[in-house]
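S.K.: Residue strings, one per chain:
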Amino acid sequence: MNKLNSDLTRPRGPVVIDIENITKDYVMGEEIVRALRGVSLQIHHNEYIAIMGPSGSGKSTLMNMFGCLDTPTSGRYEFNGKNVAAMDDDELAAIRNREIGFVFQTFNLLPRSTSLRNVELPLIYAGMDPEAREERATQALVDVGLGDRIHHKPNELSGGQRQRVAIARALVNNPSIILADEPTGNLDSKTGEEIMALLEDLYSRGNTIILVTHERDIAVHARRTVHLRDGIIESDEVGVMPAMESMAAS
Amino acid sequence: MKRFVYELSESWKIAVAQMRSNMTRSTLTALGVIIGIVAVTLMGTAIGGIQVGFDKSMAIFGDDVLYVGQWPWRKVDDWWNYRDRKKIKTEYAAGLNHMIAMTPNSNLTIAIPTSSVYRSVKYTDSEVNNVLVRGTVSDYIITSTFDFKEGRFFNELESRSGANVCVIGYDVADALFSSASPIDKSVLINGQPFKVIGVISRQGSFLGLFSLDSIVVMPLPAFQKYFTAKSKADILVKAKDKTKLTDAKDELTGLMRRVRGLPPEKKDDFSINEQQALKSTLDPIKNSIAIAGLFITGLSLFVGAIGIMNITFVSVKERTKEIGTRKALGARRGTILLQFLIESTALCLLGGFIGLAFAYFMCLGIDKAFPSFPIHFSFGLVLASMIVSVMTGLISGFAPAWTASRLDPVTALRYE
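Going down the list, the protein sequences come from chains P and L.
Here the first sequence is numbered in numbering that gives the first Met the number 0, starting from 0 and rising by one per residue.
Here the second sequence is numbered in numbering that gives the first Met the number 0, starting from 0 and rising by one per residue.
Rather than coming from a laboratory, the hints here were simulated on the basis of the structure.
Cβ atoms here follow ideal geometry from the backbone N, Cα and C, with glycine treated the same way.
Careful, some of the hints might be misleading.
To be verified - Partial list, computed: chain L residues near chain P (C-beta under 7 Å):
#1 Lys1
#2 Tyr5
#3 Leu328
#4 Pro408
#5 Val409
Claimed, not checked - Pair ranges (Cβ atoms, derived):
#6 P:Glu30 with L:Glu317: 27 to 35 Å
#7 L:Phe301 with P:Gly144: 31 to 39 Å
#8 P:Asn173 with L:Thr23: 53 to 61 Å
#9 L:Lys320 with P:Asp88: 15 to 23 Å
#10 L:Phe294 with P:Asn173: 36 to 44 Å
#11 L:Leu382 with P:Gly12: 53 to 61 Å
#12 P:Glu134 with L:Gly333: 24 to 32 Å
To be verified - Away from chain P, derived, C-beta distances all over 10 Å, residues of chain L:
#13 Glu9
#14 Trp79
#15 Gln191
#16 Thr324
#17 Tyr359
#18 Leu412
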């Protein structure tokens, strides 16, 4: 399963994200900015997909759609078969809580809370018992290799460790997708590689990962790459990018 | 429901952490609430004190006793109509008692004559001025609420014979005898010696205006022998059932008209007073003092509330990104609303507690320094000020918390 090339041939899982011809318009004063101009995409369970594009390509807007932080102006969006476009704020919050694990460029940890409390947060919003919560959160931290940093606060952790806490937080509710927005953007390249290795590991354990990046070196880790330009999909390539082959071979 | 409880406890933890990490800011903001709560609470204790004193003073009159007198116990605009009324005479009591006895199912039990005058009371070298000297009968004790510190009231025999005996009030005993027992000593009133047979225990003062302990009570015949000039007579009539006081009053009016021999077309030329009537004239005054006082002190609490609102707005602004993160992790609008409401409420509760503690010690201090100042610190007041604190927190925190809950997660996450 870990062999990259075997990925291409294995059967695809059920559809998690299904968008069809979605558009998103923003009103900026007098002007209407058309961030997305009709994007259609299907993401299956246990895919590792990278969304690439220069700034202004609609990459961030699309990520917000995937993350159920925003709803499209028009078009169809189904998440696990549920129509997201018609949901209200609280229903979207429930989807974000249970189905989506966010990993941000700036980590977005609560500065005055310990790793454990940070990781517990989604479980609190899910209404889990305190004992079960602590157990699950501790396990998630152990899973990302931070079993000895449970009671540390973010300012006592290195950048890489902080991002690991954030990944543990993203994983703790067993979401359908992990949405990583420039996860290595604030890290040095060595630490960045460690984080990418962790994501690779999560993928191999059956998680669905959506990676949003403008860095080719990062995108090469994915098994499928979607390029956006001016609010439409420019290319959608399944397969390992050339740079990947040499890395996989090594 | 379970989720709500967890979110509530989470919100409390955040609120406490937030207050700790912004010590200076929280303290300064809470100070506004502290001052407000101290002001409102002290006002509350003062109002409570007035109320307690008022009720105590009222109780002295007895709630089942009617007072027949020349003047009504209320402010009159046409005083000239009352001035020329015939004086009330102590002899009326005998007539009233006779009629009460003749009436089957009367609502009245007994009529007591009293006659009063202000005189000085002397014992050896000591003298007390302006003492209320009252002559009455032995049954007077039935209509009164006082107890005896020592000794007794005069009996029927002494009452009828007009013996030169008297019962003195606490202040009189204190001024003339200090620590010694006045029993069987003779005091001089108008140059006449009266043997002291009893001392009334301390009654306090009526609304803090005049002392009820500066009194001497003696048998009516003895009183009439020496103090007829300038004396003022009242008839006290005890009702059978205090719930039927209106009926009793009507009956007494009829009896008094017969005593006075008034033809039907003439108006009453006497007044029948009761504790309740006095209360209803004084209540509006007391209430307007309370309302005005609470309003003015409430303004200081309002200023404190504005401070809380302001700081919560600042808190929402500087934690915009955190709000975005929480929303991304699944916090609903209600969650965020709750979080900031709890923060402002926690701040107000803290201020409320400290303010209440301050107020409590200030009350103790005032009570020590000025014992006569009416102050009353009650559990109800503690509860009320806690409720006021929570309400202040909820009201002042609502606008900022609402703003926070409505933040668009995308914008909030991008906020730097």
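S.K.: Work down the list of hints and note, for each, if the structure agrees.
M.R.: These are the hints, each one checked on the structure:
Restraint check, Lys1 of chain L versus chain P: the minimum CB separation of about 5 Å is within 7 Å; hint holds. A hinted interface residue such as Tyr5 of chain L counts as satisfied when its beta carbon comes closer than 7 Å to some beta carbon of chain P; here the least separation is about 5 Å, so the hint holds. Residue-level restraint check for Leu328 of chain L holds (minimum Cβ-Cβ distance to chain P is 5 Å; threshold 7 Å). Annotation: interface hint on Pro408 of chain L holds; nearest CB of chain P at approximately 5 Å, less than 7 Å.
Here the hint on Val409 of chain L is kept, as its CB sits about 5 Å from the closest CB of chain P, short of 7 Å. Between Glu30 of chain P and Glu317 of chain L the beta carbons are some 31 Å apart, a value that agrees with the proposed interval 27 to 35 Å. At roughly 54 Å, the beta-carbon separation of Phe301 of chain L and Gly144 of chain P lies outside the given 31 to 39 Å, and the hint is violated. For Asn173 of chain P paired with Thr23 of chain L, a C-beta distance near 43 Å fails the hint of 53 to 61 Å.
At roughly 19 Å, the beta carbons of Lys320 of chain L and Asp88 of chain P sit within the given window of 15 to 23 Å. Under the hint 36 to 44 Å, the C-beta atoms of Phe294 of chain L and Asn173 of chain P, about 57 Å apart, miss the expected range. Against the hinted window of 53 to 61 Å, the Cβ-Cβ separation of Leu382 of chain L and Gly12 of chain P comes to about 60 Å, which satisfies the hint. For Glu134 of chain P and Gly333 of chain L, the hinted distance range of 24 to 32 Å is satisfied, since their beta carbons lie about 27 Å from each other.
Listed as a non-interface residue, Glu9 of chain L fails to keep its Cβ farther than 10 Å from every Cβ of chain P; the least gap is roughly 5 Å. For Trp79 of chain L, the requirement that its beta carbon stay farther than 10 Å from each beta carbon of chain P is met, with the minimum near 76 Å. No Cβ of chain P approaches the Cβ of Gln191 of chain L within 10 Å, the least distance being about 85 Å, so the stated non-interface status holds. Its beta-carbon lying about 4 Å from the closest one in chain P, Thr324 of chain L breaks the requirement of being farther than 10 Å from that chain.
No beta-carbon of chain P comes within 10 Å of the beta-carbon of Tyr359 of chain L; the shortest separation is about 34 Å. Against the 10 Å criterion, Leu412 of chain L falls within the reach of chain P, whose nearest CB is about 7 Å from its own CB.
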